[in-house]
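Residue numbers (the numbering used here), protein chains in the order written: chain A, 407 to 821; chain B, 33 to 419.
Because the hints were derived from the structure by calculation, they are not lab data. Glycine included, every Cβ here is placed at the ideal spot set by N, Cα and C. Misleading hints may appear alongside valid ones.
[To be verified] Which residues of chain B face chain A? A few of them, derived with a C-beta cut under 10 Å, are:
1. Lys-46
2. Leu-202
3. Tyr-247
[Stated by the list, open to error] Which chain B residues stay away from chain A? Per the calculated CB distances, all over 12 Å, these:
4. Phe-34
5. Arg-79
6. Phe-90
7. Asp-121
8. Thr-190
9. Asn-239
10. Leu-271
11. Ala-373
12. Pro-384
13. Met-387
Spelled out from the first residue to the last, the chains are:
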Amino acid sequence: MNLPGYYEFCCRVKIIAGHDALEKIPDALAYLRARTPMIVSDKGVAGAGLIDIVTSAIKDGVTIGAVADDVTPDSDLQVVHRLARLYREKRCDSLIAVGGGSVMDTAKGVNILISENADDLMKFSGANALKRALKPLIAIPTTAGTGSEVTLVAVVKDHERHLKMAFVSYFLLPDVSVLDSRMTLSLPPAITAATGMDALAHAVEAYTCLAKNPLSDAHALAAINLIGENLVRVTRDPGDKNGRLAMANAATLAGIAFSNSMVGMVHTLGHSAGSVCGVPHGVCMAILLPYGLEYNMHKNGHLTAELLFPLGGAQVYAATPEGERADKVIALVRRINEDLHEASGGRHPRFFREVVDREGKQMVPREKLPEIAKTALSDGSLFYNPEDLDYDDFLMVMETSWEGEPLERRKIKKG
Amino acid sequence: MFSPDRYEFFCPVKTNSGSRALEHLPFELDTMNATKPFVITSQKDARRGLVDVIIDAFKDSGVTIGIFDGAPAAPGMKLIKELFTMYRDGGYDSLIAVGGGAVVDTAKILNIAVSGAPEDIERYAGSDLITKPLKPLVLVPTLSGTGYESSRYACIDTLSFSSCFLMPHLVVIDPRMIVFEDVETTAAASLVTLTHAVEVYTGPEKNPLSDSYAYAAIRFVMENLVSVIRDPRDGKGRLALVNAHNAAGCAFSNSTPGMAHRLGKAVGDACQLSWGLCMGILLPHILERQTSEDGYHIPGLLLPLAGFDVYAETPEHMKVQKAIGILYDFQRDLFEASRGAIVRSLKDAEVPEEMLRDIARKAAGRSSTGFDADVSLMVLEQAWKGK
Ligand SMILES: [Fe+2]
Numbered sequence: 407m408n409l410p411g412y413y414e415f416c417c418r419v420k421i422i423a424g425h426d427a428l429e430k431i432p433d434a435l436a437y438l439r440a441r442t443p444m445i446v447s448d449k450g451v452a453g454a455g456l457i458d459i460v461t462s463a464i465k466d467g468v469t470i471g472a473v474a475d476d477v478t479p480d481s482d483l484q485v486v487h488r489l490a491r492l493y494r495e496k497r498c499d500s501l502i503a504v505g506g507g508s509v510m511d512t513a514k515g516v517n518i519l520i521s522e523n524a525d526d527l528m529k530f531s532g533a534n535a536l537k538r539a540l541k542p543l544i545a546i547p548t549t550a551g552t553g554s555e556v557t558l559v560a561v562v563k564d565h566e567r568h569l570k571m572a573f574v575s576y577f578l579l580p581d582v583s584v585l586d587s588r589m590t591l592s593l594p595p596a597i598t599a600a601t602g603m604d605a606l607a608h609a610v611e612a613y614t615c616l617a618k619n620p621l622s623d624a625h626a627l628a629a630i631n632l633i634g635e636n637l638v639r640v641t642r643d644p645g646d647k648n649g650r651l652a653m654a655n656a657a658t659l660a661g662i663a664f665s666n667s668m669v670g671m672v673h674t675l676g677h678s679a680g681s682v683c684g685v686p687h688g689v690c691m692a693i694l695l696p697y698g699l700e701y702n703m704h705k706n707g708h709l710t711a712e713l714l715f716p717l718g719g720a721q722v723y724a725a726t727p728e729g730e731r732a733d734k735v736i737a738l739v740r741r742i743n744e745d746l747h748e749a750s751g752g753r754h755p756r757f758f759r760e761v762v763d764r765e766g767k768q769m770v771p772r773e774k775l776p777e778i779a780k781t782a783l784s785d786g787s788l789f790y791n792p793e794d795l796d797y798d799d800f801l802m803v804m805e806t807s808w809e810g811e812p813l814e815r816r817k818i819k820k821g
Numbered sequence: 033m034f035s036p037d038r039y040e041f042f043c044p045v046k047t048n049s050g051s052r053a054l055e056h057l058p059f060e061l062d063t064m065n066a067t068k069p070f071v072i073t074s075q076k077d078a079r080r081g082l083v084d085v086i087i088d089a090f091k092d093s094g095v096t097i098g099i100f101d102g103a104p105a106a107p108g109m110k111l112i113k114e115l116f117t118m119y120r121d122g123g124y125d126s127l128i129a130v131g132g133g134a135v136v137d138t139a140k141i142l143n144i145a146v147s148g149a150p151e152d153i154e155r156y157a158g159s160d161l162i163t164k165p166l167k168p169l170v171l172v173p174t175l176s177g178t179g180y181e182s183s184r185y186a187c188i189d190t191l192s193f194s195s196c197f198l199m200p201h202l203v204v205i206d207p208r209m210i211v212f213e214d215v216e217t218t219a220a221a222s223l224v225t226l227t228h229a230v231e232v233y234t235g236p237e238k239n240p241l242s243d244s245y246a247y248a249a250i251r252f253v254m255e256n257l258v259s260v261i262r263d264p265r266d267g268k269g270r271l272a273l274v275n276a277h278n279a280a281g282c283a284f285s286n287s288t289p290g291m292a293h294r295l296g297k298a299v300g301d302a303c304q305l306s307w308g309l310c311m312g313i314l315l316p317h318i319l320e321r322q323t324s325e326d327g328y329h330i331p332g333l334l335l336p337l338a339g340f341d342v343y344a345e346t347p348e349h350m351k352v353q354k355a356i357g358i359l360y361d362f363q364r365d366l367f368e369a370s371r372g373a374i375v376r377s378l379k380d381a382e383v384p385e386e387m388l389r390d391i392a393r394k395a396a397g398r399s400s401t402g403f404d405a406d407v408s409l410m411v412l413e414q415a416w417k418g419k
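All chains, please: the whole structure from these sequences, using the hints.
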C-alpha cells in the first residue's frame, strides 16, 4: 500500500444503500432532528416518476414541507434564491436533493442561504468560508456517476452577471447519501453508459494521478472492480436491480476516491470539451480515459498495470504478463466503450467525431479542437496529472480522440 | 465483487497523515470554529518531548492552548470532573488527545461532559445513547495505542460507551509523534487492528465502504508489522502501522464486533494478557471455523492478506486454505522477529488450560449473537495448542 509523504482523507457522509434504502430516510432525518424536509429536484427526475417513489417511501414518516422540482439543468443563482424563499415560507427544516450534479449544487446553495440566514451567497464563496454545520441535507443520486453525493464542492452560476461561484467546505457534504436501486432503474442505456464511465474515470484518475493516498486507493480499487463487473451488464439489461445497486455503490466509492485525491488530464480536457461544445461530461470521460492512460504511461504505467486486477478480474490479471498489463488495461477500457456502444444501440459515442446532439448534429466539429485545447490550458485539474501538457499536446490528444486512433507513443513528451 | 443488498456506513473522521501534519492544526481547528483547544496527554508522552512538538506547531498561530499532561493509565470519574472544571474555567472550546489508550478514553469521556454537563456521563453509558455532535475532538496518535483510538468506543471505570459521536473529528498522524515503542505495545495495537479489519472484511456486515478501510488496514499491517518488530527504527513502517490503526478503527465502528474480538478480550481479561496478543493467536483458528458457516466471506480475505499476485495465482478452491496459512506464517514470523516475545499459542501465553471452559462460558454469555460456549471452547482449545 502506498503511503505518500503527506495526505488528507475525509468523507463524513453517512451512506445508506439498498433496494429499499429510501424507506430509511424518516429515521435518518429524525436522527438529524428534522422532520419537515423540502424536496429539491428537476423536471427530468420528476418526469421519470422518481419523486413519486421518494415521496411514497417517506410520506408516512415525515411531513414533506415543499417539493421544488424545477431546478434548471445548470445551477442558477435566482433558482437558489427562489427555493430559499420557498423553504422559509413553508417552514421546512431540512433538504432532500434528488437528482444529479446541478440539483446537488442548487440544494447546497440553498442550504447556505437558509442556514446562515443570508441573502448574499457570494459572501460564502471560496474555500472554507463556512464555519459551522448547515441544515440537514440528504442526497439521493439518480445517476450512478458524478459522485456529487459525496463531494464538498458546489458551483452556482449567476447567469445575470455571468459569474460562476464555487464553494468548498466540509460543511457542504450531505449528511446522508441514500443509494437506492430504484433511482437508476429507468436510466436509459446511453446515460447509464456515460455516467458509469464518469465514475470509472474518477476512480482510475484517483489511482493513477499524483495526489493518490492509501484510503482513496482502496475506494478506487473497489469502484473499478464493481464497474468492471457491472457497467456493461446494466447497460444491456437496465432492469438488473443488483447491477444498478452495485453501480450506485461504485459511483459513490469513486466519488469519495477522487474528491480525496483529485483528477488529471482526462478531466482537464473533458471540462473544456464540455464548456466549448456542450458534450455531456460522462461522454467526454468515456472517450478520453484511454488517452489519459496512454499519455501518462511512461510516468505511471506501473499503476495503470495494477488496475488490470480490479478491471479485468483475477484471471485476466494472472494470464497477462506483467509488462503487458498496462496496455491491456487501456485495451479493456476501449473494449468497454465498444460494448457500451453496442449495448446502447450505437448511442454511446466512442470518439468525439461520433458525438451528436438530439437532432443528430455533430457536436464537436473538427475545427473546434484548437479552441478546446486552448481552454484546457487554464483548467486547474492538470496540476495533478503525472505528465505536463501544453497546447500542442492537448491538441494532439483531441485530434486522436476525435478520430478514434490510439496515441502515437513517440509523439508524447517525456518530461 | 461482493455488493450487499443493504448496508449503512458512517465515518466522521478526517485523517491528515504525514510530514509536518501537526502544523495544519491551527487551520483545521479554525475550520471547526475552535480557537482554544485543551490538550490531554500522559506524563510519559510529555516527558519524551511529544508535547513540545504540539506546542511548536501552534507557535506562530496566535492560538492559545491548555495542556494537561497527567492522564493516568486507569482514569476515573474523579479525574473527569477535575478536567471538566479546568476546561470550563479555562474557556476552552475543543479537545486534543495526544497518545493512545487511556488518554484517548479520558478525552472522549471528557467530551461528553464538556458538551453537556458532568452529570450526563453515566446517562450516556451504553450503545448509541448520545444523540448530538460533541465538541471538536482531535486525536494525535502515537504507536502506543490500543487500536481503539479512532473508534466509536470509550470506557472509564466500569462504564463503556459506544457512539459515532465519540469518534475523533480529526486524526493527525505526524511522524514526529510516532516514536519507538517496545515490542509488546507495538504488537498489541497492530494485532487488534488486524483482527478488527479481518473480521469486518470477512464478516456478515461486509460492505464496500467498510471494506475499503479494512483493506488498507490489513495491507499495512501485513506489509509492515514484522519489519517494525524486527527493526523498530523503521520509521516509515511505524507510520504505516498507525495509519492502519486509524483505518481499522473507522471500519470496526461500522460493524458488530466479531468472534476473535470477543474471545480475545475474554482471554485477555481473564489472564491479564494484552487483548491484541490474544486476538492475534485466536484469529486464524476462528476463521478456520467460520469457513464452514453461512454468512462469512473468507476466500476474498486472501486479497488484502497477500496482494494481487498471490490472489490471482491461487485457484478458487485453495483461497481459504492459503489465507489461513498466511496468517499462521505471519504468527511464526512475528514470533521469530520478536525473539519469542509474541507467542503463537494460548499455552505459550501461559493461559491455564483449566480456565478455558470458564472463559468460553463468560464470552458466550456476553455475546448477543453468533457463537455459543461449545464452539468457543473448541476454538480456545485449538488456539491453546496452537498450530
Ligand atoms: Fe467527472
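Taking the hints in turn, this is what the structure says about them:
About 4 Å separates the beta-carbon of B/Lys-46 from the nearest beta-carbon of chain A, less than 10 Å, and the hint is met. For B/Leu-202, the shortest C-beta to C-beta distance to chain A is roughly 9 Å, which falls under 10 Å, so the interface hint holds. This hint holds: B/Tyr-247 has a C-beta 5 Å from the nearest C-beta of chain A, less than the 10 Å allowed. Some Cβ of chain A comes within 12 Å of the Cβ of B/Phe-34; the nearest lies about 9 Å off, and the non-interface call is violated.
Once the 12 Å rule is applied to beta carbons, B/Arg-79 is consistent with being away from chain A; the minimum gap is 28 Å. No Cβ of chain A approaches the Cβ of B/Phe-90 within 12 Å, the least distance being about 19 Å, so the stated non-interface status holds. The Cβ of B/Asp-121 lies farther than 12 Å from every Cβ of chain A, with a closest approach of about 25 Å, so its non-interface assignment holds. Under the 12 Å C-beta cut-off, the non-interface status given to B/Thr-190 relative to chain A holds; the minimum distance is some 28 Å.
Listed as outside the interface, B/Asn-239 is inconsistent with that label: its C-beta sits roughly 8 Å from the nearest C-beta of chain A, within the 12 Å cut-off. With a closest Cβ-Cβ approach of about 7 Å to chain A, B/Leu-271 is found to fall inside the 12 Å limit, against its non-interface label. The claim that B/Ala-373 lies off the interface holds: its Cβ sits roughly 26 Å from the closest Cβ of chain A, which is beyond the 12 Å cut-off. Here B/Pro-384 stays apart from chain A, with its beta-carbon at least about 40 Å from theirs, past the 12 Å limit.
With a closest Cβ-Cβ approach of about 38 Å to chain A, B/Met-387 is found to remain outside the 12 Å limit, as its non-interface label requires.
When held up to the earlier numbered hints, the structure conflicts with 4, 9 and 10 and fits the remainder.
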